[in-house]
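Let the sequences and hints guide you as you build the complete structure.
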Amino acid sequence: MTYKTDEIWEDKWVNTTCGVCYCGCACRVRVVNGVPVKIEGIKESTMGGTGAGLCGKGVAGLMYYHDPNRIKKPLRRTNPEKGFGVDPKWKEIEWDEALEEISTRMKKIMEDNPNKILFTNQTMRASDGPHNHLYFYAKAFGIPNNGNFIIGGGSLHCGNAAHMLGGLIHGAWSIAPDWRYTKYVLKWGSSKGTGSGHSALINARLRADGIRRGIKEIVFDPMGNFAGGKATQWVAILPGTDTAVGLAIANYILNTRGEIDELYLRAKTNFVYLIREDGTFIRDKETDKPLVFDEKAKTIKVFDDPSIAFEDFALEGDYEHNGEKCRPCFMALKEHLKQFTPEWASKISTVPVATILEIAKGWVDNAQIGSTITIEGQTFPYRPVSSVTFRGSQGHSNGIHQVASIDLISQLVGAEDVPGGTMGWPSRRPKYPGGQYERMPKVGKDGVIVPSVFYSHDPWPVHPPTYPCTNSGCVEFWSHSTLSHIPYVKEKNYIQEKFGVEKVQPEMIFGIAVNFLISQSDWDVALDNFKDCFVVLMDIWVNETDQAIGDIILPDTSYLEKDTWSSEIDSFFFSGSPSYEDWYVHLQKPVAKPVGESRDFMNVYLDVANRVGVLDKYHELLNEYYSITDEKLKLKPGEVLTWKEIGERILTWVYGNDKEKIQEQGFATWHKEIEDVYWRWNMPTRCPVYMEFLIHDRRAAEKIMKDTGFELEMEMDQYGPLPNWFWPTSHKELDNEFDLLAFSYRDILHTNNSTFQNPLIDEVSQMSPYTFTITLNKGLADEKGFKDGDIIWMENKYGTKENGIVKTMEAQHPKVLGVCGQGGLWADGRPIAKGKGSNFCKLLPSYLRHYDPITGNIETSVAVKIYKD
Amino acid sequence: MARWGMVIDVKRCIACWSCTISCKEEHFLPPNVFWNRVLIGEAGKFPTSRKLIYPVLCNHCADAACVDACPTGATYKREDGIVAVDYDKCVGCRACLISCPYQQRTYYDEEKKNAEYFPGQGKTEYEKIGEKLYPFTCGTVMKCNFCTERIEEGLEKGLTPGTDDEASPACVIACPVGARIFGDLDDSESEISRLIMEKNGKQLHPEFGTEPAVYYID
Chain A
1 MTYKTDEIWE
11 DKWVNTTCGV
21 CYCGCACRVR
31 VVNGVPVKIE
41 GIKESTMGGT
51 GAGLCGKGVA
61 GLMYYHDPNR
71 IKKPLRRTNP
81 EKGFGVDPKW
91 KEIEWDEALE
101 EISTRMKKIM
111 EDNPNKILFT
121 NQTMRASDGP
131 HNHLYFYAKA
141 FGIPNNGNFI
151 IGGGSLHCGN
161 AAHMLGGLIH
171 GAWSIAPDWR
181 YTKYVLKWGS
191 SKGTGSGHSA
201 LINARLRADG
211 IRRGIKEIVF
221 DPMGNFAGGK
231 ATQWVAILPG
241 TDTAVGLAIA
251 NYILNTRGEI
261 DELYLRAKTN
271 FVYLIREDGT
281 FIRDKETDKP
291 LVFDEKAKTI
301 KVFDDPSIAF
311 EDFALEGDYE
321 HNGEKCRPCF
331 MALKEHLKQF
341 TPEWASKIST
351 VPVATILEIA
361 KGWVDNAQIG
371 STITIEGQTF
381 PYRPVSSVTF
391 RGSQGHSNGI
401 HQVASIDLIS
411 QLVGAEDVPG
421 GTMGWPSRRP
431 KYPGGQYERM
441 PKVGKDGVIV
451 PSVFYSHDPW
461 PVHPPTYPCT
471 NSGCVEFWSH
481 STLSHIPYVK
491 EKNYIQEKFG
501 VEKVQPEMIF
511 GIAVNFLISQ
521 SDWDVALDNF
531 KDCFVVLMDI
541 WVNETDQAIG
551 DIILPDTSYL
561 EKDTWSSEID
571 SFFFSGSPSY
581 EDWYVHLQKP
591 VAKPVGESRD
601 FMNVYLDVAN
611 RVGVLDKYHE
621 LLNEYYSITD
631 EKLKLKPGEV
641 LTWKEIGERI
651 LTWVYGNDKE
661 KIQEQGFATW
671 HKEIEDVYWR
681 WNMPTRCPVY
691 MEFLIHDRRA
701 AEKIMKDTGF
711 ELEMEMDQYG
721 PLPNWFWPTS
731 HKELDNEFDL
741 LAFSYRDILH
751 TNNSTFQNPL
761 IDEVSQMSPY
771 TFTITLNKGL
781 ADEKGFKDGD
791 IIWMENKYGT
801 KENGIVKTME
811 AQHPKVLGVC
821 GQGGLWADGR
831 PIAKGKGSNF
841 CKLLPSYLRH
851 YDPITGNIET
861 SVAVKIYKD
Chain B
1001 MARWGMVIDV
1011 KRCIACWSCT
1021 ISCKEEHFLP
1031 PNVFWNRVLI
1041 GEAGKFPTSR
1051 KLIYPVLCNH
1061 CADAACVDAC
1071 PTGATYKRED
1081 GIVAVDYDKC
1091 VGCRACLISC
1101 PYQQRTYYDE
1111 EKKNAEYFPG
1121 QGKTEYEKIG
1131 EKLYPFTCGT
1141 VMKCNFCTER
1151 IEEGLEKGLT
1161 PGTDDEASPA
1171 CVIACPVGAR
1181 IFGDLDDSES
1191 EISRLIMEKN
1201 GKQLHPEFGT
1211 EPAVYYID
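Residue numbers (my numbering), protein chains in the order written: chain A, 1 to 869; chain B, 1001 to 1218.
Just so you know, the hints here were simulated from the structure itself, not pulled from any lab data.
Since we're looking at a predicted model, the values are computed, not measured.
Note that the Cβ used here is the ideal one computed from N, Cα and C, for glycine as well.
Be careful, since some hints might not be right.
Stated by the list, open to error - Facing chain B, from chain A, some residues (calculated, C-beta under 8 Å):
1. Val-37
2. Glu-40
3. Gly-41
4. Gly-49
5. Leu-54
6. Ala-60
7. Gly-195
8. Arg-205
9. Ser-768
10. Ile-832
Below, the structure written as C-alpha cells:
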C-alpha cells in the first residue's frame, strides 16, 4: 500500500463547523488536490465530542459536497400544475432572471401587505448561517413577529412547549442535566447525552464521563433504543403520559415525603406570590407588582421589596389584603398535587406503581437538599438530581403540562441551574476579551427572566390573546407558540376568517432548505394550504416540497463551501456547552469551491433585500443586534456588501484585535467563569412555575371565541396555572380497531430527512436493525401474526396510511409502534433517499384539536391500525 | 516491540457509527465494504431487555486463524501484533475469509471496484482521488489494518500511538465519546492494559481460541 505522492499537490486540513444537524460541532476537513476527502472533529475545541470526535453523520457530511444530484443553476417550474406525482418540468434559468422575478413579486406584495410573504428555514442548516438572522431579515420586510414563519426543520414535532418552558424557567432554548456534578438523572422522551438534542456531542461526551463516574440514568420512553437502550434503567411508558408520572413524583416529594428545598422555593420561584380565590395574583395597586407575605415583619409587601430576607417569604398561610382573602400559590399546588397518586399515574402511563415510588424515592434521596458545593472558590447549592425532557414527551396536545410537570420535580428540590441539577444553556454571553459584543438576560415583569436571545417569539413578557390577528399564523391569539401551527391546520381558513386574517392570505413563500410539506403532518392538508403560493426555495437538491409546489428553486452551497463568519455567533445559547467548559465560537470556512453556480443563501438574502429596497433596514437591524456603536464598523445606508464583507466589520466589533487570528484558526475560545455557568443563582429572578398568566389568557381567549362565534374544539381547561393531566388527542382516538399508538423518534444517524440522501449514512442505516423499519414489540407482533421482514400498513382513523418493514424488538412498549423520523421519500432529485424507511409525519392528523391549545405543538403520537396487504 | 491492541468501552458507546464511517474515509473504502461495523441487538425479555451494541473490527488475533489458513503467506502477523495482508502475495483464494471466526474480511473484486456511491451517476471526485491515494488490488482480500500507515508514520515522527492522534487509528480519534482506547498490550503500564485489568476487559468469543487484541469493557 503506497501513497502516490507525486500526484498530490495539496493535502491540507481546514477548520470549519459541521452543518449536518443543528448542533454546529467543530469539525475539520482534509482536502486533497482541492477535493474534500475526510472529516474529523477539532481536538482543541470542546464544541463537540471527545478529542477529535464527531458523530457518524457529521463524518459523512462529505457527501453533501460530492452529491452529483446537487442543483447547479436556478430552476423554474414550467408546468403550472402542482401536487404530488406531478412533473414540474423544470427549466434552468439564469440567476438574474430568478432574482428579478422574486424581488418584483415581493415588491408588489409589499405594496399591499408584507404579511403575505411567508419565510421559512430549517434548523438542520442553522449552522450554515445563524437562524435568528432569518427573523430580523423578515423584520426588514416589515414583518414584525413570528406569525409569518413556517417551521421547517424538526417541524412542530419539535420544540414549542419545551422552548416556551426553557425560556420561562432558564431563559434558555433548551435544558440538559449538569452531567459533571449530577448523580441521578431522569430523562423523559429525550436523547440528551445519547446523540440527539442541542449540543448533542457535548452532552454525549459529558454523559459518557458521568456514566463512567457511576451516575444513575433513568429513561422514560416508549422504546429502549437510543436513550432507553443506554440507560441504567429504561422505563416503558405510553407516549404523552409523562405528566401523570411526573405529577405523582411531585406529589410524593411534596406531600408524601415532605422533603422540599424551602429556601429555593421562597427565593427563586413565584410560589410565594399571593393569590385570591380565583387563582389570580393579588397585585399592588400602584406598581402592579405581585404581593407576598413577609413572615418576619408579618406584613404583605411587593415581591421584590429588598427588606424581605429569602427565608422570610411565606410559602403557606391564609392572609387578607384590602378585605380580600389570599394565600401563597404554593398552597394551591400542595392541595392540587394530592390527587395524583402513584396508582392513578400507573393506570394512565402503565408504569408500575412500585417503579414510580422507587424512582421518586431515589430522586429525594439523591437531591441532597441543603447541601452546598464550592467550585472555583464560589459556593452554590448542590442538588445532584436532574429531570430533563425534549422532543418526545413535549410533542403532544398536552405538551405544556408535560414539560411543566417534569420541571416541577426539579423545582421542588431546588435542582435548577445549580451544580448537579437541571441546566439551561447559558443565557449570558460575556464579551470576548478585547471585543465588544455581549448579551445578557434581564429581569422582567413579575421577576421573570427575559432571555438575552430567543428565536422567533420571546417567552416573556407574555401577551394575552387578542384579535383581529394580523398574519396567517394568528400569533396574536396563540400568543405562546414559538412558531405558529395555524398554517398547517386543516381548519386554517375557518380560523383565519374568524380571527380576521382573510385579507392577508399568504401569496409567497421564501425558504431555505426546507421540506415542510412532508415533515410536519397530513401531506394533503399541507399541499392544500400552501400550493397556491408562489414558492421560492433554496436547497442543494430538489426535495419533495420543491418538486410538489416549488416555483423557483435556487441552488444553495453546502456547508462545506460556505464562508460564514456568523455561523455560531449565538452558540452560547444554542450549540455551546451548558457545563463548566470554556466558551467556544466556530466559524464556517470554505473547504471547496461552490458547486456549479450555487450561491450561499446569505448572499442571496442580501441580493434580494437590495433589489426589494430593504437592505438599509436590514443593515440597521444588524447594527442593532450586535449593538455596534463604532461608526467605522456600522453598516451604512446605501452600502452593498457581501456577507463576508459584513463579517469583516462585525468580527472586528466582536473580537477586536484578535479578529484575524480567529478567522485564521476558524474559532475563538476564551475562559468561561463559573458565575457564567451557574449565573441564575446570583440573578434576582423568579421562575413562573405558577403560570398565572394562563388564567388571564383563558378569559381573553374565551371572550374572543364567543365574540367571533369560534366553534372549533379547543381544550380550554389546559389554560390553568398548575400542571395538570389531560389525555393527549391520540389516546382519545384509540378504540378496538385503531388500537395502537404510533410514534416517531430520532435516530442518531439522521437529521430530519436530508441525511437520507447521503450514501455513507444510507449504507450504515441499512445495517442498523431499526433505522429504516417499523419497530414492534415482539410479543405484540406474535399476537398480531407479524414477523421481521413483513411489509405492513399503518393506517390512521382518517384513512391516511403508510407502509414499511417490520422489525420486532423486546425493548418496546407493547401498545406502540415506532418509526424513525422522516423516511418514505420520493423526490426524483434525491435518488439515494428515495424509498428508504417510512414517513411517519403524514400519519399525523392536522385538525386543531390535535395541537396543544397553548403552545401549538402537534400531537406526535397517533392511533393506528396495522395490517398486511 | 509493542503489541498493539484496542479497548472498546461499550458503556460509553452510543452507536453513532462514526468509527465505521471514519474508517471508510480514512481508507477510501468502496460502497458496502466495511472494516469497522457496529453490531446492534438486544438481550432479555420486555420490560427488562437490554440493548446490545458491539463495535467490531479485525481483532488482530495473537493466534490468528486467517494467518494459519493463508496458503501463500499473504496474511501474516507483524512483530507489533498487527495482522497484515500483502496484496502482492494474495491470490484471492479466500481461505482466510472463511477461516476468520469474526467475519472481518472482504473479498475485493471488479464489482466492488466499479461500485459507485451514487449508483449509475459515475464516481465522485472523492472516489477518484481515493483510488490514487489508497489503491486496492482486485482479486485480493482486505480488512482493517489498525491504520498501520498512521502508526508507522507517527512512530517515525516520534509520536506515540494511542496517545497522539496522528499516530492512532482513525476510528479511535473519531469516536465522539472516547469509547475507543488504543495502546500497547505488552506494556503493563499502558492505559489499555490498566483498563483491561481494572474493568475486566473481555475478548469477543474467547472460546475461538485466537487471542484477540481487541477487548471490551462494560
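Each hint tested on the structure:
Against a cut-off of 8 Å between C-beta atoms, the interface hint on A:Val-37 holds, since the closest Cβ of chain B lies about 6 Å away. For A:Glu-40, the shortest C-beta to C-beta distance to chain B is roughly 6 Å, which falls under 8 Å, so the interface hint holds. Nearest Cβ of chain B to the Cβ of A:Gly-41: about 7 Å, under the 8 Å cut. The hint holds. This hint holds: A:Gly-49 has a C-beta 2 Å from the nearest C-beta of chain B, less than the 8 Å allowed.
Contact between A:Leu-54 and chain B, as hinted, is supported at the beta carbon level, the nearest pair being about 6 Å apart and thus within 8 Å. Taking 8 Å as the C-beta cut-off, the interface hint given for A:Ala-60 holds, the closest approach to chain B being about 5 Å. Given the 8 Å rule on beta carbons, the hint for A:Gly-195 holds: about 5 Å separates it from the nearest Cβ of chain B. Proximity of A:Arg-205 to chain B holds as hinted, the smallest CB-CB distance being about 6 Å (cut-off 8 Å).
For A:Ser-768, the interface hint holds, the least distance from its beta-carbon to any beta-carbon of chain B being 6 Å, beneath 8 Å. Interface restraint check: A:Ile-832 against chain B, minimum CB-CB distance 7 Å, threshold 8 Å, status holds.
In this structure, none of the earlier numbered hints is contradicted; all agree with it.
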